[in-house]
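*Asks:* Take a look at the letters that make up each chain.
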Amino acid sequence: MPRNITWKLALIVGAVGISVWLFYPPKDKISLGLDLQGGSHLLLQVETSAAVKSEIDLAINRIGQFLKEKNIPYASINAAADGAGAVVAGTDPGRAADVREIFNTIVPGWSVSPSGADWSVHIPEALRKQIEATSVDTTLTVLRQRIDELGVKERVIQRQGTAGDRIVVELPGIEDPDRAKGVLQDQAVLEWKAVAYPPGTTDFEGWRPPPGGKDAVVQMLGGSVPPNVELVPEIYVDAGGNRTEYWWPLQAVAAIVGNDLRSARRGADQMQRNVVDFVLSPEAGKRFQAATRENLRKKMAIVLGSSKGKVVISAPVINDVITDRGQISGRFDVKSAEDLALKLRSGAIPTAVTIIEERTVGPSLGADSIRAGVMASLIGFVGVAVFMLVYYRLSGVNAVIALLMNVVLVLGAMAYFGSTLTLPGIAGLILTVGMAVDSNVLIFERIREELRIGKAVRTAIDQGFSRAFGTIVDTHVTTIVSAFFLFTYGTGPVRGFAVTLVIGLLFSMFTAVFVSRVIYDLVLGDRRNVESLSI
Amino acid sequence: MLQLFHDPKIDFMGRRRMWVGVSLTLVALSIAILVTKGIKEGIEFEGGAEVQIQYKSRPDVAAVREILGKSGFNGSLVTTIGKPEDNEIYVRVPLERGAKDEDLAPRVVAALKQAQGADAFETRSQSYIGPAVGSELVKKALGAILGSMAGMLVYIWIRFEFQWGLAAVIALVHDTIITLGLFSLFGYEMSLPVVAAFLTLVGYSVNDTVVIFDRIRENLKARGGTVSSLPDLINISMNQTLSRTVLTSLLTWIVCAFLFALGGPALRDFSFVMVVGIIVGTYSSIYIAAPFLVVWQEWLAERAKKKGAPASARPTAKKLRAGKA
Chain A
3 MPRNITWKLA LIVGAVGISV WLFYPPKDKI SLGLDLQGGS HLLLQVETSA
53 AVKSEIDLAI NRIGQFLKEK NIPYASINAA ADGAGAVVAG TDPGRAADVR
103 EIFNTIVPGW SVSPSGADWS VHIPEALRKQ IEATSVDTTL TVLRQRIDEL
153 GVKERVIQRQ GTAGDRIVVE LPGIEDPDRA KGVLQDQAVL EWKAVAYPPG
203 TTDFEGWRPP PGGKDAVVQM LGGSVPPNVE LVPEIYVDAG GNRTEYWWPL
253 QAVAAIVGND LRSARRGADQ MQRNVVDFVL SPEAGKRFQA ATRENLRKKM
303 AIVLGSSKGK VVISAPVIND VITDRGQISG RFDVKSAEDL ALKLRSGAIP
353 TAVTIIEERT VGPSLGADSI RAGVMASLIG FVGVAVFMLV YYRLSGVNAV
403 IALLMNVVLV LGAMAYFGST LTLPGIAGLI LTVGMAVDSN VLIFERIREE
453 LRIGKAVRTA IDQGFSRAFG TIVDTHVTTI VSAFFLFTYG TGPVRGFAVT
503 LVIGLLFSMF TAVFVSRVIY DLVLGDRRNV ESLSI
Chain B
908 MLQLFHDPKI DFMGRRRMWV GVSLTLVALS IAILVTKGIK EGIEFEGGAE
958 VQIQYKSRPD VAAVREILGK SGFNGSLVTT IGKPEDNEIY VRVPLERGAK
1008 DEDLAPRVVA ALKQAQGADA FETRSQSYIG PAVGSELVKK ALGAILGSMA
1058 GMLVYIWIRF EFQWGLAAVI ALVHDTIITL GLFSLFGYEM SLPVVAAFLT
1108 LVGYSVNDTV VIFDRIRENL KARGGTVSSL PDLINISMNQ TLSRTVLTSL
1158 LTWIVCAFLF ALGGPALRDF SFVMVVGIIV GTYSSIYIAA PFLVVWQEWL
1208 AERAKKKGAP ASARPTAKKL RAGKA
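Chains as they are written, first to last, in the numbering used here: chain A, 3 to 537; chain B, 908 to 1232.
Just so you know, the hints here were simulated from the structure itself, not pulled from any lab data.
Think of the CB as a built atom: it goes at the ideal place given N, C-alpha and C, for glycine as much as any other residue.
Careful, some of the hints might be misleading.
[Claimed, not checked] Derived Cβ-Cβ restraints for the label pairs, each shown as a range:
id	chain 1	residue 1	chain 2	residue 2	range
1	A	458	B	993	54 to 60 Å
2	A	164	B	928	56 to 62 Å
3	B	1027	A	201	35 to 41 Å
4	B	1213	A	6	55 to 61 Å
5	B	914	A	458	19 to 25 Å
6	A	118	B	1006	30 to 36 Å
7	B	927	A	158	39 to 45 Å
8	B	973	A	230	32 to 38 Å
9	A	158	B	914	54 to 60 Å
10	A	29	B	1017	49 to 55 Å
11	B	994	A	128	55 to 61 Å
12	A	6	B	1175	47 to 53 Å
This is chain B alone, in the form it adopts within the complex:
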């Protein structure tokens, strides 16, 4: 039988402080990147026009820039797109602040046609996004991401207990921030499909956490609801589910990696989020979500001690009720 891990006995919880430290550092770094570098806003957020055109022969990007500059399209961005043999370029022209300009995209095409001849290229796509749309999108995107995290919290709360839901959401926030940081670091551009990818990630990355939680609860029940050491119990549960966790993540990761490599430019930003997010999400299920349960437990015990509760209230998993299965 082919096996990734043969009866693993990894002490995940023993080094939890170190890993929490690593995570905090990564989150801090990501926030630093986000603050200093920011995230490139796609056209949906900024407002403006975007045109994708395909030439018959190798396009001269510098010439296109010059034509656009002369025609008064300020701040335009011109790059090649896709494979070199596609002879394709991508042009983006931002809106002047607060202005609206419905004919921006056709005017860009017209300016290029006038300078280079009507048959020099084919217009593959053109888009225009007005100034009002961007801020609404940011609001909606934030609302959707926060909403889905709240949804997770509530569902896990119902199925387990409040602190389990909180643990899962903390892991989700961790995943989202680190993935955003890397997204910014590699200079990808925020767009509608990318927000969609983040939402998918929220749904996906909570899966590993839930699988581990289910197993912890099952083991807890098998021991009549009491264990001498919660960290040990979590260790056992994580080792039992380790093959599944790694295997599933690997398989989904393979799929996303193929989408990233072969899916064409339209799917690249989207699959980048998944490729990075799956790795971060798998890691956080193991080293963030479950350890949080221990942290919560210790905090409860600490509080009990301060209140002068009897010493018998030492941290046992009895406090860690698991709700109904």
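Looking at chain A on its own, in the form it has when it is part of the complex:
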């Protein structure tokens, strides 16, 4: 036996053994892409501007509270027209120092510009960027928590895009993609807003908005909606499916924003109807206490903001000062109560999230794709193998062994790196076989040439391998260059294709050059004069 062949053989057998051990059984060891196992791929766009707006709303809310606490009279607080700050109008000019002090406490770092009795405060650019970045982070965290509560295994949640405001969510094997989308998207911002009673109202506890839509309410308010009031619908659907909307006039600035809930869970009231019980954080509880004290014997509306807009869930009369515990009753069934509790519990997504791409593949289609892809690949492989055997005879056997080993090594590497196999990935795998065979063909043709000009078998083999080597490197590098661009371009399935292609090409350098050579050495042994070669 030629020198060194023992360790070469050991290396080859070891590599194959480890690969097989890594990927066998493939069902458990190789993770399938969403297009093969079924599931949802979602690309979400985080609307970061909404985070800035909610920051401003919170500031408006707190400035108002502080002004009241310090007994500083003011006419109004509104969001600035450009959406980047707030305007406080009609303060007492004599208390300018106190007003400035409040701004320094509540909105430190904002630019403050007074003009007479009016003040305007603005978020500086750097802070704005920071708020936007934080909102994406928070959204990621919240989405993770919500998805984990849905119990999806092996989910992927990642930031994507150059601006960093996109999030990819992959949910394998999910049965009801629409429910998942709802859970992912809903902001679930819970707000408590005081009712802005129309002028002349005397019965605060019994007042309800008139049926007859928005217009009826606007008329009661005197023909137009005041700037600090917003109309939010309460929606009734009776047993016959008829929808009635009652539009509540509410204070635009929420008394409290309940996104700092401590817990929320499905519960039942005395009538055994589904409700959601919640507990606020102590800080939010304090604000809630102040707001309920101010609105005793009046109605406050519980408003749930979601991607579908705001709705009034209920508008109870405040009978008592409430601190940190409460209950939301609505027309919930078990699932909707649980979903709402989940959304509240995981915290509000600070901004709106829109779906810009969805791909859902059902499990049956995935199974069909696997079947078709594997079948086509197997037949393709057999086609190549038969051709090589007929054309190169025993050397063809050598090539087929190298190709099989290539496939085994690729599968092993995929299992090891945990890369997913997608449908284009299957195509990539078989395409790799087509390309890997090129190296064998290059070498064999070269050996034939050397034989033709009368070289001895051993010399011909030696030169065939060494002369083809440079060319093999060139062809591999060019293909890997294009696979690299393929990887940067693609998402999901296409990336899977690029990955299998590159892994396959790298291994084909090993199998076609190294393994094939060892096989020749092994077969020819140390016979001194080899007279013919089956090629």
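Chain A is already provided as a structure; the job is to place chain B on it using the hints.
*Replies:* Relative to chain A, chain B alone:
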């Protein structure tokens, strides 16, 4: 010994003008097809929803169209997909320009369920692509294809010389345009995997070119860097590598043909590009890339003559340096 070509002596370069003419005609035709017929844009580029559903019995495509029309899904496309016995249809609803509509796919399914009953079919897949994604994809796809061509140019430039890289890239552009033309002619639809196929093609089709170049360089060196006739040298090199070129292309082509025929609808467009592209790419390695080296050489000689260089600067391969091996 079974051999495709027994000691071939084909004069590839002798007819190069004819073949360049053929190629130019094909490229012009392809561009004409692309301009007049255009390329059908898949949902990724256009934005909209796409749903694949499987019925229990033979689906009535006309009825589905009618239901969708009545439900206000304008411009929707309904076709059967896969084998007839699969009872499967594919529905596509475009987005209104500039609009976004995240619930488009579920609403399509809901409309069909309402009209045909919840148990009439099973939803096999649903997709939604928002309006912003399409233009980004076009940009990215173009960037990736141009980027990988630039990558080829640079690599071959480093390994050989600039004009060799340029020759390879010209062949690649040629392959891409003709394959795109045929793609459009047969009415296939552009999608993410199809762009992937084009990128793969760029990587694959340059292989034949590189193999031939390697051989030309080797022969050039064996002759001490000088030959009396560059076309002859290229002819010899191409004949030497012809078996390999045809054999490899044939084997990869077989694989792709099986994928095309048996891989199911999801892989069909993708493998079409490969099936066509491999043939065009093999052809262009022989009749476009290598002849370009001669064209370059003649151009250099022409320029030298105009500058009044001595007559000894006749076209020899000495000018055609091959870089380091």
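*Asks:* Decide, hint by hint, whether the structure agrees.
*Replies:* The hints, checked one at a time:
no., hint, in the structure
1, A:458 <-> B:993: 54 to 60 Å, "holds, 59 Å"
2, A:164 <-> B:928: 56 to 62 Å, "violated, 45 Å"
3, B:1027 <-> A:201: 35 to 41 Å, "violated, 56 Å"
4, B:1213 <-> A:6: 55 to 61 Å, "holds, 60 Å"
5, B:914 <-> A:458: 19 to 25 Å, "holds, 21 Å"
6, A:118 <-> B:1006: 30 to 36 Å, "violated, 45 Å"
7, B:927 <-> A:158: 39 to 45 Å, "violated, 50 Å"
8, B:973 <-> A:230: 32 to 38 Å, "violated, 51 Å"
9, A:158 <-> B:914: 54 to 60 Å, "holds, 57 Å"
10, A:29 <-> B:1017: 49 to 55 Å, "violated, 35 Å"
11, B:994 <-> A:128: 55 to 61 Å, "holds, 59 Å"
12, A:6 <-> B:1175: 47 to 53 Å, "holds, 48 Å"
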